[in-house]
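A.B. asks: The chain contents come next:
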Amino acid sequence: MTETSKEQASLARIALQVTTVALAVIAIALAFSVPADVVQGEPQRFMYLHVPAAWSAYLSYAVVWGASVVFLRTTNAKAAAVARAAAQVGVALTGLTLATGMVWGALTWGTAWAWDARIISTVAMGLVYVVYLAARALANGRRSQTIAAWIGVVGIITVPIVHWSVEWWRTLHQSATVMTRAGAPPLDAAMGVALATSVLAISLLTIQVIAARAHKALQAASAVATSQAPRDVLPDALADSPGS
Amino acid sequence: MNIPADSASRPKRRWALVTLVVASLALAVLVTTATVDGLVYYRTPSEVMSEPRDDAVLRIGGYVVPGSIERDDTLSTLVIADEHTHLTVHYQGPLPSVVQEGEGAVVEGTWGDGHVVVATEVLLRHSNEYRAPQVGGP
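Taken in order, these protein sequences are the chains called A and B.
Counting in this note's numbering, the first sequence runs from 1 upward without gaps.
Counting in this note's numbering, the second sequence runs from 1 upward without gaps.
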């Protein structure tokens, strides 16, 4: 990279960070100022954290899928780093989804936990990527790395299962409001704007955290690679635990 | 092309292995229970009424008939319904405040005497609609 393009890249990064912070501030302001739902009352505001967390978990797993496909074709170290970072962020966001869902559920349903299809499938989705991360940490050869990457590819099927679980099965969780087969989403315009803003802010944040984590892992890997004798395409520090 | 695991990573590898085994087992248990028990969280009042009564625990989902809630400190009552069937539910003690008339509810309990379900738990099942309170409304 030339000096100018490096400068341009860092300027773009700063612009993205500023945009994300601005959107986050607007999202928080909207989340607390738009009217709360008439039936659920104030706890309904958990929606502005719960829904973006769930959506961004889906987004992270989509990144795992894409990066794993690239890795399987090219054994590219960068793709491997991105896939792992995305899986870590996705698992964290799945945890946040469940945690906010529990508080919201306790306040509106009257229970923090129900073994319904939405909650079971969400837990299962998180576990698939925990398995993926553990497989990645154990993989120390081409064969095991390929198997791990395949988990990252196949794991994406959990996303539509979680999303449609509320339509396919009878659940305590209500059916989807946005992204349904029906027409206009049944929520008031102001709430829709607050939700869209919070989803956008947390999506942007998610992408940047994934990129930063992947970048850090690659740097750590190249530091190990230069301090040791040159070896494989995928350096040890990236393939398994050290430096992660 | 095996990369030898270096000694420093051994405890980490052990953790990864434990995580892999535990998470895989948990996943298998979840999928199995979901497949065996089915993913039906509740049954409708009509379905429950059409089946023979036994001591089994029932989970019934429907809407709370407007005007049917009687809140009392010792015994509360509500009527849960679908399009065809109304079912009276008794609940020991005051009903949870989340339960509202005209909204969805999921009731867990057993058949009591007569045609009454004795509930141990009553939950709100809210819809996917989000509406601001009407100006000048209740």
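Derived by calculation from the structure, the hints in this document are not laboratory data.
Beta carbons are placed, not taken as given, at the ideal position from N, Cα and C, and that holds for glycine.
Treat the hints loosely; a few may be bogus.
What the hints assert, rightly or not - Label-pair ranges, simulated between beta-carbon atoms: (1) A:Glu7 x B:Val29: 49 to 59 Å; (2) B:Leu75 x A:Val193: 38 to 48 Å; (3) B:Leu75 x A:Gln17: 32 to 42 Å; (4) B:Leu75 x A:Ala184: 34 to 44 Å; (5) B:Gln92 x A:Leu16: 21 to 31 Å; (6) B:Val65 x A:Gln17: 25 to 35 Å; (7) A:Ile157 x B:Val36: 52 to 62 Å; (8) B:Val65 x A:Ala196: 34 to 44 Å; (9) B:Arg131 x A:Ala22: 51 to 61 Å.
To be verified - Below, simulated BS3-like cross-link-like pairs (lysine-lysine); rule was C-alpha separation at most 25 Å, straight line: (10) A:Lys216 x A:Lys6; (11) A:Lys6 x B:Lys12; (12) A:Lys78 x B:Lys12; (13) A:Lys78 x A:Lys6; (14) A:Lys216 x A:Lys78.
To be verified - Short, incomplete list of chain A residues facing chain B, as computed with Cβ under 10 Å: (15) Gln8; (16) Thr171; (17) Pro186.
A.B. asks: All the hints need checking, so say for each whether the structure fits it.
C.D. replies: Hints versus structure:
no.	hint	result
1	A:Glu7 x B:Val29: 49 to 59 Å	holds (53 Å)
2	B:Leu75 x A:Val193: 38 to 48 Å	holds (45 Å)
3	B:Leu75 x A:Gln17: 32 to 42 Å	violated (59 Å)
4	B:Leu75 x A:Ala184: 34 to 44 Å	holds (43 Å)
5	B:Gln92 x A:Leu16: 21 to 31 Å	violated (56 Å)
6	B:Val65 x A:Gln17: 25 to 35 Å	violated (53 Å)
7	A:Ile157 x B:Val36: 52 to 62 Å	violated (21 Å)
8	B:Val65 x A:Ala196: 34 to 44 Å	holds (36 Å)
9	B:Arg131 x A:Ala22: 51 to 61 Å	violated (29 Å)
10	A:Lys216 x A:Lys6	holds (17 Å)
11	A:Lys6 x B:Lys12	violated (36 Å)
12	A:Lys78 x B:Lys12	holds (22 Å)
13	A:Lys78 x A:Lys6	holds (18 Å)
14	A:Lys216 x A:Lys78	holds (11 Å)
15	Gln8	violated (37 Å)
16	Thr171	holds (5 Å)
17	Pro186	holds (4 Å)
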